[in-house]
Amino acid sequence: MSEKVLMKGNEAFAEAVIRGGVRFYFGYPITPQSEIPEFMSRELPKRGGKFLQAESELGAINMAYGCGAAGGNGFISSSSPGIALMQEGMSFLCGAEVPVTLLNVSRGGPGIGSIQPGQADYNQVTRGGGNGDYKIPVFAPASIQEAVDILYEAPEIANRYRNPVMVLADGLMGQMMEPVLLPEPKPDLTSADIPKVKPWAISGSEKGERSVVKSLRLQPEVLEAHVEHLFEKYAEMEKELERVECESLEDAEVVFVAFGTMARLAREAMELLEAQGIRAGLIRPISLWPFPYAAFDRISDKTRAVVSVELSMGQMLQDINLGVKGRVPVRLVHRVGGMLPTSIEVVEKTKKILEEVR
Amino acid sequence: MATSKLFFAGSGGQGVLTMGQMLTYAAMYADMNATWLPSYGPEMRGGTANCTVVISPDKPVSCPLIYEADDVVVMNLPSLIKFESLVKAGGNLFVNSSLIEQKATREDINVYYVPANDIAMKLGNARTANTVMLGALVSVAPVVPVEMVYKIMEKTFSGRKAHLLDINKTAFHAWKAV
Amino acid sequence: MKPVFTVTKGMLPVSTSYCPGCTHGVAHRIIMETLDEMGLLGKTLGVAPIGCSVVAHQFMNVDMCEAAHGRAPAVASGIRRVHPDKVVFTYQGDGDLASIGMGEIVHAAARGEKFSTFFINNGIYGMTGGQMAPTTLIGQRSTTSVDGRTREQAGMPLKICELLATLDGPAYIERVSLDSPAHIRAAKKAVRKAFEVQLAGKGFSFVELLSTCPTNWGLTPPEAMKRMKEEVAAYYPLGVYRDAEV
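Residue numbers (the working numbering), protein chains in the order written: chain A, 1 to 358; chain B, 1 to 178; chain C, 1 to 246.
Bound conformation, chain A alone:
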């Protein structure tokens, strides 16, 4: 077994996708993830891959589309405003069923916002900003190890469903260092393997059958059938890709809901509350779409409040409410703009909420 290494989040993310089979990277510099294109420009050429700095995020996502349409395992990373610019491309990737791995190291908004960590991309990534009926699985790891494991798996998930897959990490995780165990590199998919492994991809009609990768379907009945087909796939994803971690729900007076770094903060708040005699639990959605609604059925009768801890104005509340179904009051503890709450702050606000709902 390989030994643990200490890596900066952004570099660990990049190493993980390479080990997961990615050989093509397209990106445009944006804080707080610019270590990723830097790392890729150094590493990919050494490992049989190609790095291309795009002229814009529009360029990057469309290069990744071309790469994926041609059967390559492509990867792009960006941060919130850059992801916004890519939304047209995401709709195209889903419509044309092109697999790509995406990483959003998110920051504050709206607009250019700030370069500090934020989670206000929740709606952008779970609802999608592009046109049409489509879904993109989104995973929000809470540690660098979890991010590495998910990014290692992501290209395979993207290929299995012929759909983009996104990992959402906040800027904090990108800059943090934490020991990680890196997984064994997966074998390379060469351009010669593509006609066999991905016969749908464009690799030249000499392979036997002509391939066309497209999202245009002008006849309404054909497009309708295609969208229905996509949604059969999404239903499959909802069954297979939902991931959640629940802690101490049994007799929790209050249940926190948080993802990414905020879940770690919530976990510390749980410990602090416990020391004060208040039992707290945690629901940590790892997949934001599909959202783990069923986990909320496990909230016990003893729970008096569900508290979402977010770096946004409560974008996750809608999903939480769908999960809670009105059984328990749902409240929000949040900071925005790049401000980060402390666990003490979460504890104090939670105690106040418990007073209010008494």
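FYI, nobody ran anything at the bench for these hints, they're computed from the structure.
Don't take every hint at face value.
Once the Cα atoms are required to be at most 27 Å apart in a straight line, the calculated DSS-like pairs of lysine-lysine come out as [claimed, not checked]:
1) Lys196(A) with Lys46(A)
2) Lys207(A) with Lys43(C)
3) Lys43(C) with Lys188(C)
4) Lys189(C) with Lys43(C)
5) Lys161(B) with Lys4(A)
6) Lys169(B) with Lys4(A)
7) Lys151(B) with Lys4(A)
Once you have looked at the hints, place chains B and C on chain A.
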């Protein structure tokens, strides 16, 4: 063993981020859990470089963000002014007295004045001031085993930098609490 | 009996959906015939644009994918990274390439991307119904310049070959016209050269094909041909703007 929360602050070039990383490496080599987080968030304004290290010997680190620290190292005056309040009651504050004439004001913490730059100069390499400080910290608060600090030093100071190993080891032990 | 003419295998045996007198069909055919003659049909990957020729993949008998509006050069750059030994081309109209996709084409050309771009310049948005394009001539009527384009209101038409020729990246740039049998033969030669430059690994090759849009120009096909030969080619001079030895 309990979780240790440490905070290092100074100006860019004082080896503040490196101190934190050395400690995080040492913790990893000792099979502990650890996180290192560079100045990020609003506190990065104000001309200081800083980093947070959380070491948890048994379980994964809950939270890489801290609201108080067991041990705080300040390498320059703005850092003392800004971060003295971060030390938890009963915790340790390490002040680089070579560059900071001012005294700490709190009574409820242990303050150690370490003339890190003077000691480093005497040893013949001004750049080891951060190692002197790290040694001071570990001698008072043994959050990682000394041999694991050696291990990361041996990895860091190898090849072209091998000549720096001995002086850093000496610097690490150059200050002891009286 | 010995056949004197056979239809190229490069075109699928279906009728195109283009308007009568439109030169898309001619452009498609000379590109596909060339690939056929060079024995490259099975190794070619094409990128279709947004515009009338969004459906090019229904007629061109090679592996193809669509690109979002203007992004074909970025898509082709991605394809090229995966398949360094295949033939890659984009087929783009003037709205796609010269307006919304200007960033992508300039950067692909500057990078010297090893693919070929065939640029169909008919000076109008065809699919959306005849709006002004960046290549619409001064005085030309369109549904968004009903009294004719003016410099004051819409600025000057873009000359893409000339613009790209200011860059060091491209290997080969030529403007041809589809207005007569002689010019179509010359256009086919330019298409062939574009692929030869690509195969020789010399870098980016670009052929602008002046084309007609009788429907949106409000002209009969013969009138459209005459306009292209006399008015359009006067503003967009035919010729080689960057040459490469192959």
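Each hint tested on the structure:
1. For a cut-off of 27 Å, the pair hint linking Lys196(A) to Lys46(A) stands: about 25 Å separates their Cα positions.
2. The suggested pairing of Lys207(A) with Lys43(C) holds, with an alpha-carbon distance near 9 Å, which does not exceed 27 Å.
3. For the hint linking Lys43(C) to Lys188(C), the alpha-carbon distance of about 19 Å falls within 27 Å, and the restraint holds.
4. Distance hint between Lys189(C) and Lys43(C) is fulfilled; the C-alpha atoms sit about 20 Å from each other, no more than 27 Å.
5. With a CA separation close to 24 Å, the supplied pair Lys161(B) and Lys4(A) stays within the 27 Å bound.
6. Proposed proximity of Lys169(B) and Lys4(A) is supported: the alpha carbons are some 24 Å apart, at most 27 Å.
7. Among the hinted pairs, Lys151(B) with Lys4(A) is consistent with the structure: their alpha-carbon atoms are about 14 Å apart, no more than 27 Å.
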